[in-house]
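**Q** So the chains spell out like this:
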Amino acid sequence: MAAILEISDLVVDIRSGRSTVRAVDGISLTIEPGRTLGLVGESGCGKSTTGLAVLGLLPAGGKVTSGSIRIDGQDIVGLREAEARAIRGRTVGVVFQDPMTALNPTQRIGAQVAEPLLIHGMANRSSAMKQAVDLLGEVGLSRPAAQAQRFPHELSGGMRQRVMIALALICGPKLLVADEPTTALDVTTQDQILQLFDSLQQSRDMSILLITHDMGVVAGHTDEVAVMYAGRLAEHAATPRLFGGYRHRYTEALLESIPTLDTPRGQRLATIAGLPPNLGGQLAPCRFAPRCAHAAKVCFDAEPSWSEQHSHGYACHLPRRIDTDPITEIAGAPS
Amino acid sequence: MSIDLPDIGETADQPITDGGQAGSAEPKQPSMVFRRFLENKLAVLGLLLFLAMAAFCFLGPLVYHSDQVHTNLAAQTLPPGGSHPLGTDQVGYDELGRLMVGGQTSIEIALGAAVVAVVLGVIWGTVAGYFGGIIDALMMRVVDSVMSIPAIFLLMFLATMFRPSVLMLILVLGLLAWLAPARLVRGETLSLRTREYVQAVRVMGGRAPRIIVRHLVPNVLGTIVVNATFQVADAILAVAAISFLGLGIPPPAANWGGMLSDGLNYTYSGFWWLIYPSGIAIILTVLSFNLIGDGLRDAVGLRAHRRI
Numbered sequence: 001m002a003a004i005l006e007i008s009d010l011v012v013d014i015r016s017g018r019s020t021v022r023a024v025d026g027i028s029l030t031i032e033p034g035r036t037l038g039l040v041g042e043s044g045c046g047k048s049t050t051g052l053a054v055l056g057l058l059p060a061g062g063k064v065t066s067g068s069i070r071i072d073g074q075d076i077v078g079l080r081e082a083e084a085r086a087i088r089g090r091t092v093g094v095v096f097q098d099p100m101t102a103l104n105p106t107q108r109i110g111a112q113v114a115e116p117l118l119i120h121g122m123a124n125r126s127s128a129m130k131q132a133v134d135l136l137g138e139v140g141l142s143r144p145a146a147q148a149q150r151f152p153h154e155l156s157g158g159m160r161q162r163v164m165i166a167l168a169l170i171c172g173p174k175l176l177v178a179d180e181p182t183t184a185l186d187v188t189t190q191d192q193i194l195q196l197f198d199s200l201q202q203s204r205d206m207s208i209l210l211i212t213h214d215m216g217v218v219a220g221h222t223d224e225v226a227v228m229y230a231g232r233l234a235e236h237a238a239t240p241r242l243f244g245g246y247r248h249r250y251t252e253a254l255l256e257s258i259p260t261l262d263t264p265r266g267q268r269l270a271t272i273a274g275l276p277p278n279l280g281g282q283l284a285p286c287r288f289a290p291r292c293a294h295a296a297k298v299c300f301d302a303e304p305s306w307s308e309q310h311s312h313g314y315a316c317h318l319p320r321r322i323d324t325d326p327i328t329e330i331a332g333a334p335s
Numbered sequence: 001m002s003i004d005l006p007d008i009g010e011t012a013d014q015p016i017t018d019g020g021q022a023g024s025a026e027p028k029q030p031s032m033v034f035r036r037f038l039e040n041k042l043a044v045l046g047l048l049l050f051l052a053m054a055a056f057c058f059l060g061p062l063v064y065h066s067d068q069v070h071t072n073l074a075a076q077t078l079p080p081g082g083s084h085p086l087g088t089d090q091v092g093y094d095e096l097g098r099l100m101v102g103g104q105t106s107i108e109i110a111l112g113a114a115v116v117a118v119v120l121g122v123i124w125g126t127v128a129g130y131f132g133g134i135i136d137a138l139m140m141r142v143v144d145s146v147m148s149i150p151a152i153f154l155l156m157f158l159a160t161m162f163r164p165s166v167l168m169l170i171l172v173l174g175l176l177a178w179l180a181p182a183r184l185v186r187g188e189t190l191s192l193r194t195r196e197y198v199q200a201v202r203v204m205g206g207r208a209p210r211i212i213v214r215h216l217v218p219n220v221l222g223t224i225v226v227n228a229t230f231q232v233a234d235a236i237l238a239v240a241a242i243s244f245l246g247l248g249i250p251p252p253a254a255n256w257g258g259m260l261s262d263g264l265n266y267t268y269s270g271f272w273w274l275i276y277p278s279g280i281a282i283i284l285t286v287l288s289f290n291l292i293g294d295g296l297r298d299a300v301g302l303r304a305h306r307r308i
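Each protein sequence line maps, in turn, to chains A and B. For the first sequence, position 238 matches number 238 in this note's numbering, and the numbering has no gaps at all. For the second sequence, position 27 matches number 27 in this note's numbering, and the numbering has no gaps at all.
The set of hints was computed from the structure by calculation and includes no laboratory data. A quick note: this is a predicted structure, and the numbers were derived from the prediction, not measured. No residue lacks a Cβ here, since even glycine has one placed at the ideal position from N, Cα and C. A portion of the hints provided could be inaccurate.
Unchecked claim - For the chain B half of the interface with chain A, some residues (derived, Cβ under 7 Å), not all of them: (1) D67; (2) V69; (3) A200; (4) V203; (5) G206; (6) P218.
Claimed, not checked - Covered stretches of chain A, going by a simulated chain B footprint (3 or more residues, C-beta under 8 Å): (7) 92–99; (8) 111–120; (9) 164–176; (10) 278–292; (11) 306–317.
Take the sequences, apply the hints, and build the full model.
**A** Below you can see the structure in the form of structure tokens.
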């Protein structure tokens, strides 16, 4: 089956004043129907910019310089805004990070959830309202008919995020772009929302692009993971494979900086030294080299090439050695 | 000022134990704004004051009959008393009745001008703010240019060219006053258009008119209502000012500014009843709108914004 989302060699430049920053530099990703891809990385690594490019919401000065973004087979790069919008409107839904600002405070939630149907002329007012109420029930709001009459400020953060999800799903999208959907929520709510994603995905056979910085979220709720660093892909593999046999030193550093319950008391938490590079400045050939504990001369001399095996790709000169065959570790890895 | 947390009665006992705090410090719902407004004693005083002034001007003539069309030179500048509770003016009009009729004109013009100013300002501001870029730059330069023309000069110029009427004054005052709300709304729109709900509607395929009407305008409404009340107060003063300069609506029509201006000619004759009533009426009405505006500003939470 054809991929729902196919990004190839995407380059996004963001111009501010006289300088231009290459926020995304040659990313290629594919999401098959019904699959979830987790896009992870630190702040400023280009993961959100990639998402915004898919959504057509690049900030002022942002532009797709080259590459293509195919949504359901149609390349939206180079299309006029109105045409791209028509494709996206029915195919793509979006869930943002902050449920506080993601809903219009002046409108009742039922009307907001129903609005996309009216935009696309897919229903009349009363049937749109009915569908909205049904969907609000499906995303886990009890007494949805009563809730639909409420204003966003009358709901808790988690409930607002559910409303946001309903709003994203009302037109039956094939792809859901979730940009840090759980970052603004507390841990228990996070888990509920992620489970909701899982169950909705199964019942609706929808693909999800999950953008997050949280390795824990990625581990339990994605089929594939792509790790981004400084605008480039560092590593990309099926989720069990990545967690079982990650190769890139950046992935390694990211995973090591997750505190665990076994960490001895008093021991300093592992961190990655320094900050992600300024994408407007001079970049090392391997962009992670300046912060990498394993960096050698070669990392500063030549750009690492993308090596791929068993659809596990990474770009690292000195990858982490894996003693055992990663496949055997899949059993123990989170799925 | 006490901040009401919204009633979350039903949400609290949901089986879903969602985290996050319900409620924000920014009530957008009309009923909540209204409740907060009513808690503000000064604001309620302002509202009552305005209602009293409006009742006096518009309902008063139904109870208190006086001839405001024919002059009566036999009854010039009579002091208060007898059949003229507030005396008569220099051509024999009953001062109390004239105060009512003059108030009608002043209030009509002020409200009309405020509506024109706000409607134009909201349209201009949201369009400029939403589209941004070169459209915004052009539209705001227009605002800057118009703002650089002295209002009083323009008013005098127009008054000499056209015979002033209620409609003309509404249009002229409105066309001079829309600049401030336009700037205000444009500023708010610039921040609102990056809100995620606006972005989400864009992804869903919503077009500019829908986004502006359904998502931007309702959210600037609080700011606008507040600004509108101050616009009314300003317009009352502006009407008074141009009438004072003798460029207002000609007799037999009356308005408070014109009455005040006429009365001042007799300052040295001691005809105080020609000066105080209209002056006090102007002050009370302007004050009432300022109190209402202050109350609304607090109620929609704009002051809280500013403190942050």
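**Q** Could you run down the list of hints and mark each one as holding or not?
**A** Consistency of the hints with the structure:
no., hint, result
1, D67, "50 Å, violated"
2, V69, "48 Å, violated"
3, A200, "6 Å, holds"
4, V203, "5 Å, holds"
5, G206, "5 Å, holds"
6, P218, "4 Å, holds"
7, 92–99, "holds (count 7)"
8, 111–120, "holds (count 5)"
9, 164–176, "holds (count 4)"
10, 278–292, "violated (count 0)"
11, 306–317, "violated (count 0)"
In summary, the numbered hints that this structure violates are 1, 2, 10 and 11.
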